[in-house]
Amino acid sequence: MNDREFRNRLNQALPDAPEVFHRAMTDTLKTIVREDGRRRAASARKLRRTLLIAALVTLLLASAAVAAYHWKLFDALWFFNTPPASEGVARQAHLFEGTVNGVEVTVNEAAYDGRTLYLMWTYRLPDVDVPLGVAEDGTPLPGLTEEISQLLQKYDMRLWTERIWFDGREADMTTAGSGGMTTGTAEPGVIEEYFYLRLDKDDVFLEGKVEVALPIGPPPEGFYPPSEHPEIFDENMRMRLPDEGVITFTLDVTGMADRVVTEHPCIPVTTDLVTAQVTEACFSPLMTYITLDLEVNPDAMAAFIEANGDGYYDEEGRLMWSYGGTDVFEGWLYSLSLVDGEGVELFPGEFALDAHGNETAEFIYPALSPLPDELWLAPVEGGAADMTAAVRVR
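Sequential numbering from 9 applies to the sequence shown in the working numbering.
It is possible that some hints are incorrect.
[Stated by the list, open to error] Computed cross-link-like contacts, DMTMM-like style, restricted to lysine to aspartate or glutamate with a CA-CA straight-line distance of at most 25 Å:
| # | residue 1 | residue 2 |
| --- | --- | --- |
| 1 | Lys209 | Asp266 |
| 2 | Lys217 | Asp260 |
| 3 | Lys217 | Glu252 |
| 4 | Lys162 | Glu195 |
Hints in this document: simulated from the structure, not taken from any laboratory.
Could you put the whole structure together from the sequences, leaning on the hints where they help?
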C-alpha cells in the first residue's frame, strides 16, 4: 500500500469531525503551513526559501500599483539568487476569470517546466475597499495575516481539498517539494495565491493542451465527509473530478516533454561515511533536479551509535527516534555543490539541498545552458572542491 492509498483509506476509516470544526482546523493548519513556507525541519534550504519569499513579497507589494501587467510568478517563488532564464518554459497568463461564491477569481499565471507547475491566482473580495496585508504605516505584511484569514473564511474562499485535476486525473498538491503562500496586496480587496507543485513526485507529467481543475470555493455536495462517500475515489484511490466546486482552464504545454533531458548515471562513490550515486539527473529549461541514493557505511553507523547511543530519548527515557544514516553523513551531504569537470562551482553560494533522508536526497539548481558535458556533486570547502569524494552527475 502506498502513501496515497493509506491516506485515503485512513480518511474512510476514521470518524468525521463536524464540518465547522473541519473548516476551522483546516484554515488554522493552512495558516501555520503557509506562514512557515512549507519548509521541512530536515532541510535548512526551506528556511532560506521562506526568508527569500518574505523579501520578494515586500517587493511585490511595493510594485503592485504599476498599471502594466507584470509577470509575478518567478518574482515570488524563485528559490535562487539568480533570476530564471525561462525561455523554453511553457507559461501562460490570463487563464480564467469568473465569480465564485460572490468573489471575483482570476487565474493570472501558470508555468510548467516538465516537472514543476507554478500557479498564481487572485481573489477580489466584494465590499472591501482597503488594501489587505499592509500595516497602517504602509509597511507590507507578507504572508497569511489574521485579517486575510478571517476574510477568506467569511467568503468561504479556499482550496477545499489539496488535490488538483489534469484532464480529469487527480494529483496531490502536497507532495514533497511543493509549497505555496497567500498574501495581500496594495490593491484594495485583492488577495494573491502562489503555488509550486512537484507533479513528478506524484508521477504526473503534463503534455499537450491540458484541462486543469482547481478546487476553489466551498466543497461540492457529496464530497464531504470523505469516509461517507467512497464513490468519490477510483480504483487507484484517486479522487474523481467533481461536477461542481472547481474552476477550470486550459494550459498549453505542448512540446514540453521534448525540452527535458533525463539521465541515469548510477556511478557509486564510497567514502568513509557513505556510498552515494546519482540515480537520476533531470535538466529542464527552468531547473536542474538531481536525485542522490545514499547508503551509510555500516562501520561508521556502528561507531556513531557507540559514541552517541541508538537514538534520542526524552526526559522519561522513552525512545523518540532512532539514529540513522543522516546523522552520520549529514555534514558531507550539506557540503556538496554542483561543479564542472574542473571542480569549479557552477552556483556558488546557492544552498540547493531540497530534501534528504537516510537513503536519498534531492538537489535542485537553476537550469544549465549550455549543458556541460561533465557535472559532479562535490564537497566544497573554502571554494575548493574535493573531487576524490565527488559523485558523478553526468
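Of the hints stated earlier, which fail here? Per hint list: zero violations.
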